[in-house]
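Visitor: Starting from the given sequences, assemble the full structure and let the hints guide the process.
The primary structure of each chain is shown beneath.
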Amino acid sequence: VLVCVVRSLQAVVPHNEAKLQQLLSERDRLLQQMAGAVSRRDLVKRTRAINQQLAAVEAQDDPDYALMGRLMLEQQILEQESAQLPLSEADFLKLGDWHAALVQGMHDMCRDLARARQHSKLKELAAQLAELKAMDLSSLSLSSGK
Amino acid sequence: MGECETIITQVAIAPQRREAVQRKLELREQLDAAMETGNDYDRVGILGEQLDALERDSAQLPLSEEDYLTLPDRHAALLSKVEARCKEYKANKQAALLIELGTKLSALKTLDLSVCPEGTRGESRQSALTLLRSH
Numbered sequence: 758v759l760v761c762v763v764r765s766l767q768a769v770v771p772h773n774e775a776k777l778q779q780l781l782s783e784r785d786r787l788l789q790q791m792a793g794a795v796s797r798r799d800l801v802k803r804t805r806a807i808n809q810q811l812a813a814v815e816a817q818d819d820p821d822y823a824l825m826g827r828l829m830l831e832q833q834i835l836e837q838e839s840a841q842l843p844l845s846e847a848d849f850l851k852l853g854d855w856h857a858a859l860v861q862g863m864h865d866m867c868r869d870l871a872r873a874r875q876h877s878k879l880k881e882l883a884a885q886l887a888e889l890k891a892m893d894l895s896s897l898s899l900s901s902g903k
Numbered sequence: 067m068g069e070c071e072t073i074i075t076q077v078a079i080a081p082q083r084r085e086a087v088q089r090k091l092e093l094r095e096q097l098d099a100a101m102e103t104g105n106d107y108d109r110v111g112i113l114g115e116q117l118d119a120l121e122r123d124s125a126q127l128p129l130s131e132e133d134y135l136t137l138p139d140r141h142a143a144l145l146s147k148v149e150a151r152c153k154e155y156k157a158n159k160q161a162a163l164l165i166e167l168g169t170k171l172s173a174l175k176t177l178d179l180s181v182c183p184e185g186t187r188g189e190s191r192q193s194a195l196t197l198l199r200s201h
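Chains P and V supply the protein sequences, listed in that same order. Quick note on our numbering: the first sequence kicks off at 758 and runs consecutively. Quick note on our numbering: the second sequence kicks off at 67 and runs consecutively.
Worth flagging that the hints you see were computed from the coordinates, not collected in a lab. Incorrect hints may appear among the rest.
Unchecked claim - Simulated restraints, written as ranges between beta carbons of each label pair:
id : chain 1 : residue 1 : chain 2 : residue 2 : range
1  : P       : G853      : V       : K159      : 41 to 47 Å
2  : V       : S180      : P       : P843      : 43 to 49 Å
3  : V       : T176      : P       : A891      : 57 to 63 Å
4  : V       : T72       : P       : S895      : 52 to 58 Å
5  : V       : M67       : P       : R805      : 42 to 48 Å
6  : P       : E846      : V       : K159      : 18 to 24 Å
7  : V       : M67       : P       : E783      : 54 to 60 Å
8  : P       : D893      : V       : M67       : 40 to 46 Å
9  : P       : D848      : V       : R140      : 24 to 30 Å
10 : V       : E154      : P       : A792      : 40 to 46 Å
Unchecked claim - Result set (DSS-like, lysine-lysine): computed pairs, CA atoms no more than 30 Å apart in a straight line:
id : chain 1 : residue 1 : chain 2 : residue 2
11 : P       : K878      : P       : K851
12 : V       : K153      : P       : K802
13 : P       : K880      : P       : K776
14 : V       : K175      : P       : K802
15 : P       : K880      : P       : K890
16 : P       : K851      : P       : K776
Note that CB positions come from ideal geometry on N, CA and C, so glycine has one too.
Guide: Here is the structure:
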């Protein structure tokens with residue numbers, strides 16, 4: 758029985774290693790993108806506010822075209838700013854889900870490492886999982902203030 | 067659109083012309099009435115001279131009578147034209163041009179047109195035009 762258990766664990770280890778490396782690489786990428794989240798969040802909020810104002814002006818029976826022009830100009834400036842940001846709006850909007858999926862993936866990996874008795878790696882990954890869980894995600898919220 | 071500046075300037079100088087037009091209408095009415103009675107030639111002569119003097123003086127005014135009388139119509143036509151152009155700029159997302167023309171449109175809309183023929187002595191603009199142009 759012991760031989761069987763050892764063999765099955767030996768089979769699991771290379772598979773876990775590749776998955777672990779993938780998770781760690783994804784975590785690094787997430788952290789990198791999170792660094793640009795505040796700028797993107799602010800720009801998304803400003804863009805939405807301008808879009809709302811513009812829609813309100815356009816909906817008027819006798820619209821103020823000068824104001825409409827100023828809002829359109831602001832919109833164009835924001836579009837230019839947006840193009841300079843490293844994090845795209847689409848990626849920004851996916852960050853929350855991505856973070857949740859990564860937490861789940863690392864959690865599963867911790868469970869697998871525990872089963873495989875890879876305590877050293879487990880300890881390392883558990884620390885990273887705790888860090889990931891404790892991450893401040895307020896920069897992803899579009900509803901509240903800055 | 068220089069037409070906007072033209073209309074704005076013309077509205078600004080319209081009060082002088084309005085005074086002249088009102089005075090002219092009064093004199094014409096008095097002259098017509100005097101001629102109808104047919105006896106008071108002195109009065110007809112005096113009124114006629116006053117009218118001639120007024121014509122000479124008003125010829126010096128910067129805004130012509132024709133321009134004054136057509137001011138409301140030209141203002142309305144220009145409003146439509148500028149608004150249509152603003153819509154074009156909006157559709158083409160030409161923000162800078164839209165700001166410039168939108169500002170002019172606002173200025174046109176806020177012009178005080180009470181100095182224009184519509185308000186001439188309470189008569190309708192059409193009758194004022196007819197009377198002035200009939201002589």
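Visitor: Determine which of the earlier numbered hints do not hold for this structure and return their numbers in increasing order.
Guide: 1, 2, 5, 8, 9 and 14
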